[in-house]
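Undergrad: Okay, here's what each chain looks like letter by letter:
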Amino acid sequence: MKYLRYIAIIIALVGLFSCNNNSEKDAEAITASKVKKAENEAIPEMSIYNLPSHWTNQNGEEIELKELQGKVVVMVMIYTTCKAACPRLVADMRNIEKQVPEEKKDDVQYVFVSIDPETDTPERLKAFSKENEMEDEKWLFLRGTEADTREFAAVLAVNYKEISPMDFSHSNIISVFDHQGEMVHQQEGLGVDNKETVQTIIDLAR
Amino acid sequence: MKFYSPALFLVFSLLFCEVAAQNDNMALVKGGVYLPLYGAEDQTVKIDPFLMDVYPVSNAEYLKFVEEYPQWKKSNVKTLFADKSYLTNWKDDKTYQGLPNAPATNVSWFAAKKYCECQGKRLPTMDEWEFAAMANEKVQDARRIETYNQFILNWYETPKTFKNPIGETFKNYWGIYDLHGLVWEWTLDFNSVLISGESRKDVDKDSNLFCGSAAIGASDLMNYAAFMRYAFRGSMKARYSSQNLGFRCAKDIEN
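For the record, the sequence lines run as chains W and F. As numbered in our numbering, residues 1 to 206 make up the first sequence, in order. As numbered in our numbering, residues 207 to 461 make up the second sequence, in order.
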């Protein structure tokens, strides 16, 4: 019996990672979503919460993207060892946050996703959040697997590549998502006029 | 005995995926070190040995996939994962147009990626693809051979090659067909191409390419042929699809 149990555990583990397991869930989700469409509960088709990816935050906690549902999400992809663009992207995020009126601040989540998950361990992300005085809950730092990161970047239309072990080229894009995870606005470039981005957030936030 | 029912379910779900997995029709690419035409400045890239599909995925194979995984049918696919051009030439969920052995095109990156995962495979990385594709019939790296470049450029000028059957171009050094001459192909990290001006290095390379010497030598043609591929990748988004863009899968070597 013990022997059988071990086999079952192994199979269960493999099953977790096998694509079929996912696809069966997906198939269920499709049937479910057809039923659900009548209600308002379903995640919209364009929502990033359709992505099955798992992440770790700066406190070492596992988090599913879906957990962000229900807030306005402002997202940017960076890496902590970056010397050129990222500090400015961080500054841009801070600048945007400042302009959101006090009564709406609680409804907005700011998310930094690492494009260098190998280097950016949760400890490193934590240190980065401290250095930048972004320890409040509204600042979230995430790292995932290389594959999930690549996929997530594809969704955000962020391009990046490693140009040396410590350096990446990447698009500088800040994306705004509504409460259900649909992308509403993207701001591209560094230190650009963020009026439109801020206005989008204010319009969305409750 | 309650314990058995979830276990049994997992056994079945595992079997289901295993049935779909197949290693046939893959060629071994032994790997090596190469200098990408459009990578980081003067940096060689090491390619580990890997397996690559001999042919791009065909219409008939793709139909089988959407039947097994109905969430990827034309009428079911989520718009996050594929835009309106997905399988645009299909009459309905079960009817593609053109030859069964023509390459499957109008498939988004998400769909191509999922297809490969469900075969127990993955998409090739851009470096793997480029490495395999620099071979002609005889040698691993034919990038400086004029006939090799001329073949690619002639193809660029030939309309509607996506309607051709797979396996009719040349068989390359590794035993792989159709890397050139049929359709463009998705790669896993297609979004690592930066040609839109974020990277100064890349921009310099562009200007080198276009403002270089007037003499067109073998290396200019070679750069041009490759630049077209990279520029195309750089212009794509993961939910886009195109009638001249197909894909094939790759796989790590099992130890």
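By construction, these hints were calculated from the structure, which means they are not laboratory data. It is possible that part of the hints are untrue.
Straight-line Cα separation of at most 30 Å, BS3-like style, residue types lysine-lysine; simulated pairs [as the list claims (entries may be wrong)]: (1) F:252 with W:83; (2) F:252 with W:161; (3) W:83 with F:443; (4) W:66 with F:297; (5) F:297 with F:270; (6) W:195 with F:270; (7) W:161 with F:290; (8) W:161 with F:236; (9) F:252 with F:280; (10) W:66 with F:284.
Undergrad: Can you give the numbers of the hints that this structure goes against, from lowest to highest?
TA: As far as the earlier hints go, 4, 6 and 9 are violated by this structure, in ascending order.
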